[in-house]
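Colleague: Sequence:
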Amino acid sequence: MKHMSVHTGEKPHTCDICNKSFQQKINLKRHLFMHTGEKPHVCAVCSKSFGEKGNLLKHMLSHNHTCDICNEHFLFKRDLSKHLITHTGEKPYVCETCNKSFKKKSVLQQHMFIHTGHKPYPCQICNKCFGRKTHLNDHMLIHTGEKPHVCEICSKTFRYKIALKKHLCEHTAGELYVSKICD
1 MKHMSVHTGE
11 KPHTCDICNK
21 SFQQKINLKR
31 HLFMHTGEKP
41 HVCAVCSKSF
51 GEKGNLLKHM
61 LSHNHTCDIC
71 NEHFLFKRDL
81 SKHLITHTGE
91 KPYVCETCNK
101 SFKKKSVLQQ
111 HMFIHTGHKP
121 YPCQICNKCF
131 GRKTHLNDHM
141 LIHTGEKPHV
151 CEICSKTFRY
161 KIALKKHLCE
171 HTAGELYVSK
181 ICD
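Numbering (the UniProt record's numbering), first residue to last: 1 to 183.
Keep in mind that the hints were calculated from the coordinates and are not lab data.
Bear in mind the structure is a predicted one, so any value in this text is a computation, not a measurement.
Hints may be right or wrong, so weigh each one.
Stated by the list, open to error - Cross-link-like lysine to aspartate or glutamate pairs, in silico, DMTMM-like; alpha carbons within 25 Å at most:
no. : residue 1 : residue 2
1   : Lys119    : Glu146
2   : Lys119    : Asp138
3   : Lys58     : Glu90
4   : Lys105    : Asp79
5   : Lys133    : Glu52
6   : Lys104    : Glu90
7   : Lys128    : Glu146
8   : Lys39     : Asp68
9   : Lys133    : Glu96
Generate coordinates for the entire structure from the input sequences, incorporating the hints supplied.
Modeller: So this is what it looks like as structure tokens:
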């Protein structure tokens with residue numbers, strides 16, 4: 001029915017304020033913003049508002065922040081600033097206990113568990129606790145019996161990636177090239 005109005009030229013949706021007619025109800029809705037001054041689409045970066053979503057999307061491009069080194073794009077300037085640290089090697093977050101430094105605040109916070117002994121990641125099966133989520137994930141493989149790491153040479157499976165790497169050294173022992181892992 002909606003599509004037929006394109007062919008017939010029928011405009012069944014009329015503005016009560018100025019009597020302008022529209023083929024589709026959505027277009028009347030957009031038109032009403034002009035009379036009410038309502039601008040429901042707000043930019044998350046600068047809070048500027050728009051009557052139409054398309055205009056907001058065009059505006060968002062003006063906030064595009066690009067890394068001059070790798071051309072990665074960021075919507076927010078603060079995210080670009082955090083990203084730039086990956087190129088400079090800067091480690092602004094320093095542990096007050098051991099003076100070890102980190103690129104990211106979240107990694108420093110994770111590191112602090114070493115000093116406090118806090119282990120916030122408990123296993124739901126055996127209640128053993130871990131200081132890092134990745135360690136809990138590795139531990140869960142014991143309960144599931146899963147061995148996700150497969151040797152491409154002999155198809156033997158391993159629970160941990162490091163075990164697969166050590167196993168690969170057995171295959172390369174007689175060859176001229178020996179990896180750093182095998183040494």
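Colleague: Each hint needs a verdict: does it hold in this structure or not?
Modeller: We went through each hint and held it up to the structure:
1. Lys119 to Glu146: Holds: Lys119 and Glu146 sit about 24 Å apart, inside 25 Å.
2. Lys119 to Asp138: 15 Å, holds
3. Lys58 to Glu90: 35 Å, violated
4. Lys105 to Asp79: Holds. Lys105 to Asp79 sits at ~13 Å (cutoff 25 Å).
5. Lys133 to Glu52: 43 Å, violated
6. Lys104 to Glu90: Judged against 25 Å, a Cα distance of about 10 Å means the pair holds.
7. Lys128 to Glu146: 19 Å, holds
8. Lys39 to Asp68: Violated, at about 34 Å.
9. Lys133 to Glu96: Given pair Lys133, Glu96 holds - Cα atoms ~23 Å apart, limit 25 Å.
Checked against the numbered hints above, the structure violates hints 3, 5 and 8; every other hint is satisfied.
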